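Using the numbering used here, you'd call the opening residue of the sequence shown number 303 and step up by one each time.
Honestly, the hints are just simulated from the structure, not real lab data. A portion of the hints provided could be inaccurate.
DEER-style ranges, computed between Cβ atoms [stated by the list, open to error]:
id, residue 1, residue 2, range
1, Lys350, Gly315, 30 to 40 Å
2, Glu344, Gln305, 17 to 27 Å
3, Gly323, Gln347, 16 to 26 Å
4, Gly369, Gly315, 29 to 39 Å
5, Lys350, Gly329, 17 to 27 Å
6, Asn366, Gly329, 11 to 21 Å
Computed from a prediction, not measured in an experiment: that's the story for all the values here. We put the beta carbon where it would ideally sit given N, CA and C, even for glycine.
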Amino acid sequence: MAQGDIETYYEGGQWKNKREGTDRAFGAGYSTKDEAVAAGRETAQADKVEHVIKNQDGQISSKNSYGNDPRNVPG
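Please put together the full structure from these sequences, using the hints given.
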């Protein structure tokens, strides 16, 4: 993940969001994954960064880019 990307993850019985490069979650802990994903998506869209969503086991389930995609892939 690049510096500033948003990560949604599960820790300590709660779903959380944090910005890559920091150790602290932002916002409150969320009781459901859907709530955390929605908050993370909103932040990623506002900041035009990537949103990485992880499963409860820590595996990446999906990634969404909301701007500044550096790849120039033709076709």
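* 11 to 21 Å as the expected CB spacing between Gly329 and Asn366, which holds or is violated -> 18 Å, holds
* Could you check the hint for me, namely that Gly323 and Gln347 are 16 to 26 Å apart, CB to CB? => 19 Å Cβ-Cβ, so the 16 to 26 Å window holds.
* Asked: Per the hint of 17 to 27 Å, is the separation of the Cβ atoms of Lys350 and Gly329 within bounds?
  -> 19 Å, holds
* Using the C-beta atoms of Lys350 and Gly315, is the stated range 30 to 40 Å upheld? -> 31 Å, holds
* Within 17 to 27 Å or not, the Cβ separation of Glu344 and Gln305? -> Holds - the Cβ-Cβ distance for Glu344 and Gln305, about 20 Å, lies within 17 to 27 Å.
* To do: Take a look at whether the Cβ-Cβ distance between Gly369 and Gly315 falls inside 29 to 39 Å.
  => Given range 29 to 39 Å: holds, Cβ gap about 33 Å.
Hint compliance for this structure: every hint is met.
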